[in-house]
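In order, the protein sequences belong to chains A and B. Per my numbering: the first sequence = residues 92 to 521. Per my numbering: the second sequence = residues 22 to 439.
Keep in mind that a hint or two might mislead.
[Unchecked claim] Below 20 Å or equal to it, Euclidean Cα-Cα: the simulated EDC-like pairs (lysine to aspartate or glutamate) are:
1. K108(A) / E169(A)
2. K475(A) / E136(A)
3. K108(A) / D117(B)
4. K87(B) / E52(B)
5. K401(B) / E169(A)
6. K401(B) / D403(A)
7. K411(A) / E407(B)
8. K156(A) / D403(A)
9. K421(B) / D252(B)
10. K352(A) / E136(A)
11. K370(B) / E454(A)
12. K239(B) / D216(B)
13. K401(B) / E136(A)
14. K209(B) / E147(B)
15. K401(B) / E114(A)
16. K446(A) / D216(B)
17. K291(B) / D118(A)
18. K446(A) / D390(B)
19. K411(A) / E472(A)
20. K401(B) / D293(B)
21. K475(A) / D118(A)
22. K108(A) / E125(B)
23. K291(B) / D403(A)
24. K514(A) / E486(A)
25. K446(A) / D385(B)
26. K401(B) / D483(A)
27. K291(B) / E362(A)
28. K64(B) / E147(B)
29. K156(A) / E362(A)
30. K108(A) / D385(B)
31. K93(A) / E407(A)
32. K228(A) / E376(A)
[As the list claims (entries may be wrong)] Interface residues of chain A toward chain B, partial, derived using beta-carbon atoms under 7 Å:
33. K108
34. F112
35. F113
36. E407
37. L409
38. V461
The hints are simulated quantities; they were obtained by calculation from the structure and are not laboratory data. Idealized CB from N, CA, C, for every residue including glycine.
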Amino acid sequence: MKNICFYFQIHQPERLKRYRFFEIGQDHYYYDDFQNNENIRRLAEQSYLPANQTIAEMIRSSNGKFKCAFSISGVTLEQLQRFSPEVIDSFKELAATGSVEFLAEPYAHSLASVFDEEEFQSQVKMHSDLIHSLFGKKPSVFRNAALIYSDDIGEAVLKMGYKTILIEEAKHVMGWKSPNYMYSHSYLNKLKILVRNIKLSEDIFMRFSNPSWNEYPLTAEKFVDKIAATSADEKIFNVWMGYESLGVVQPEHTGIFNFFKAIPYHAMEREIGFALPSEIAKANEITGNLTVPFPSSWWGHEKDLSPWKGNDLQNEALEKLYQVSERVRMSKDKPLLQDWLHLQTSDHFRYMSHKEAYGSNYESPYDAFVNYMNVLADFLERVKMQFPSSIDNEELNGLLKTITQQGKTIELLEQELDKLKAKKAKQQKE
Amino acid sequence: MKVLMFGWEFPPHILGGLGTASYGLTRGMAEQNDMELVFVIPKPHGDEDQSFLKIIGACNVPVVWKNNNWDYVNQKIGNVMHPDEYFWLRDGIKYDFSRIYTNELGCINFSGKYPENLIEEISNYEAVASVLAHQMHFDVIHSHDWLTYPAGAFAKQISGKPLVIHVHATDFDRSRGNVNPTVYSIEKRGMDIADHIITVSNLTRNTVIEKYHQDPRKVTTVHNAVEPLQDADSFTKTERKDKIVTFLGRITMQKGPEYFVEAAHRVLQKTDGVRFVMAGSGDMMNAMIELAAERGIADKFHFTGFLKGRQVHEMLAESDVYMMPSVSEPFGISPLEAMQVGTPSIISKQSGCAEILTHAIKTDYWDIDAMADAIYGIVKYPAMYESMRNLGRDEVNNIKWYDAGLKVRAIYNSVLGW
């Protein structure tokens, strides 16, 4: 049986406010609450809420046969909790149906997988804990920020216990291979890889309402027919996109919601089912392995890391940021750790790109860079103030260990002392 | 295609950006094989580059019939014009201009500058245009800036050939809105008569449409370009302890020098190791010296006075940041020149060149916080400087006069119905 695997990404960076250099050292709040509030509320109203309603209806009308997966970044969940908690409730309702699955990802939608494995692990754990506390289930399938993937990242992901990962249908990865099969990691065949079907995905989020497209108008029937027309051994159809495709990228008046609502009926008519990524991974055989020495992603034409680290500006910002990661992790300062996460959100770096700054709230990549660097300069000052800079990381780590373990050590020593005292008393008695 | 162009300045003797733009554009146009350009200026010095066009000095064109023999004419103006040409042009005198003061050859003495009696000089230029229009063969007339609109308009009336006028600036730019009614009327009349209007930016195009009430269909933007700098590598940057931020241009109201001083003040409040240079001269220079002193930054704020020729590029190349906070700049060639020698530029959004530059920082002219922030970013973050330096240079090197020339050609073709 052919299965469609729908998966939607929900991610919005916490946007930085205009932060001039003369505020460095004076102002430690970096976020544009007004803009973030407005952005989240607008998306909730135009996309998340009506889309959730649509999905719920699809699940109901198909008797739970329709299924889909979501990945919601930690920084977005935080914003939703603050600005639009009804969206969280609505996701909880979807979670209760059992027909949706939440995927794991780094909490801050960061590039930690590329720059700092320890940070990567800690963020994935943080995110998984948050998903568990909100929706009652720990994720079992992993997807990286922007589907960034390489052999090394795959290895790190498997080490964390995830056995399935989602990646992009990038030419330099797939070559002639079809995304409609399941693959495995280059040398670790325990890690299963699902690949996005670009054509089917883009048909919806990019071309759905484009009248100059030769397949316009796209109906649910046509969409499903395309899948039905594939050869019998092609069983997996991964249709993945940003959730804003429903209602914002393709506004309501294009008929996008009705298009989705009609999909289950037509699919079932052609005996095409729906499956969650975890179910797909269980039900299918591995066809072959994929070797990915250089990271791939789902952004841009090159489908690589160039949207985030493709120019001098981005490289400098990333370097300065990840230089202090070890120090920051040693700190216990909550606001500092919170800012550390938000400053890692990959969008900040993409806004510095000369070619992929889509959705940027800055006038130019330079504007984005200057603003970010000013914020970062303040942040770095705060990191410096945590610990004296004359002590290097290793020594500091040792000292911190001593401090955190001093209670235990004292206890141990006291126990020993008691023992000795008792012994002595005994000896004296004798 | 034969073009009769009226201009006011031509290198090497130039007073402002008009001469540079005239030169660049004609040079770019001359690369088209069938383009024949005759460029009229009030007073040539004889050392102009005539390899790609012919220059006629209005001061050598007779407007009043005087009897002279060949040898005398040769002795008088032989170095800039062949006597035969003088006699041939003399046949084009059809009107009585004896009210105008002329010399023994029947020619008018033009200053070729921007003298007190500019309006008179402009109307004298019209007289010259009438002679040329009667005698010469051309397909189209092209007038550069308001000083030459009346000449172009008169030539059109006489010859019936289409007139294209090129708006390098309007009086609204020069005066921050307080226009001189005489100048406005000359500009407006020129635009009304023109068959097509070329503006150097969309900013100017909007001014022409809104303030001069022109039909938008008649107004086309052809952005200026920049001549490749042959010896770009000969300008070096000396290693210095302090970073240098430069303002270069006329120190007048139009250029927004006070915003530069205020931005400097902002930066210096927080940072060491930055110096500011205001190069150029103008009627607001003394006021700026006072302002810098008042803000208490005079020790880090320097004035160079007027720079010319090679000094300009040297100053730009020595700078770490070039800033042009113009309140209203029809185009503004200097940021492009700065970028040619690898100096990152900050320009006001009210500058026409902002429309074609990506690797420059654009801020509102009044937004001193944004300017200060951009200066800080460039001097403090090496990646920013390197990025703007390299990408900016590549960008500017690809803005070519040849392409601008092709757009002008397309406009000629359309007014001629070719």
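Hint-by-hint comparison with the structure:
| no. | hint | verdict |
| --- | --- | --- |
| 1 | K108(A) / E169(A) | holds, 17 Å |
| 2 | K475(A) / E136(A) | violated, 42 Å |
| 3 | K108(A) / D117(B) | violated, 70 Å |
| 4 | K87(B) / E52(B) | violated, 39 Å |
| 5 | K401(B) / E169(A) | violated, 33 Å |
| 6 | K401(B) / D403(A) | holds, 14 Å |
| 7 | K411(A) / E407(B) | holds, 16 Å |
| 8 | K156(A) / D403(A) | violated, 49 Å |
| 9 | K421(B) / D252(B) | holds, 17 Å |
| 10 | K352(A) / E136(A) | holds, 19 Å |
| 11 | K370(B) / E454(A) | holds, 11 Å |
| 12 | K239(B) / D216(B) | holds, 7 Å |
| 13 | K401(B) / E136(A) | violated, 42 Å |
| 14 | K209(B) / E147(B) | holds, 16 Å |
| 15 | K401(B) / E114(A) | holds, 15 Å |
| 16 | K446(A) / D216(B) | violated, 40 Å |
| 17 | K291(B) / D118(A) | holds, 14 Å |
| 18 | K446(A) / D390(B) | violated, 27 Å |
| 19 | K411(A) / E472(A) | holds, 12 Å |
| 20 | K401(B) / D293(B) | holds, 11 Å |
| 21 | K475(A) / D118(A) | holds, 16 Å |
| 22 | K108(A) / E125(B) | violated, 72 Å |
| 23 | K291(B) / D403(A) | violated, 25 Å |
| 24 | K514(A) / E486(A) | violated, 38 Å |
| 25 | K446(A) / D385(B) | violated, 24 Å |
| 26 | K401(B) / D483(A) | violated, 25 Å |
| 27 | K291(B) / E362(A) | violated, 69 Å |
| 28 | K64(B) / E147(B) | holds, 14 Å |
| 29 | K156(A) / E362(A) | holds, 12 Å |
| 30 | K108(A) / D385(B) | holds, 19 Å |
| 31 | K93(A) / E407(A) | violated, 47 Å |
| 32 | K228(A) / E376(A) | violated, 26 Å |
| 33 | K108 | violated, 13 Å |
| 34 | F112 | holds, 4 Å |
| 35 | F113 | holds, 5 Å |
| 36 | E407 | holds, 3 Å |
| 37 | L409 | violated, 10 Å |
| 38 | V461 | holds, 4 Å |
The structure fails to meet hints 2, 3, 4, 5, 8, 13, 16, 18, 22, 23, 24, 25, 26, 27, 31, 32, 33 and 37 from the earlier list, while all remaining hints are met.
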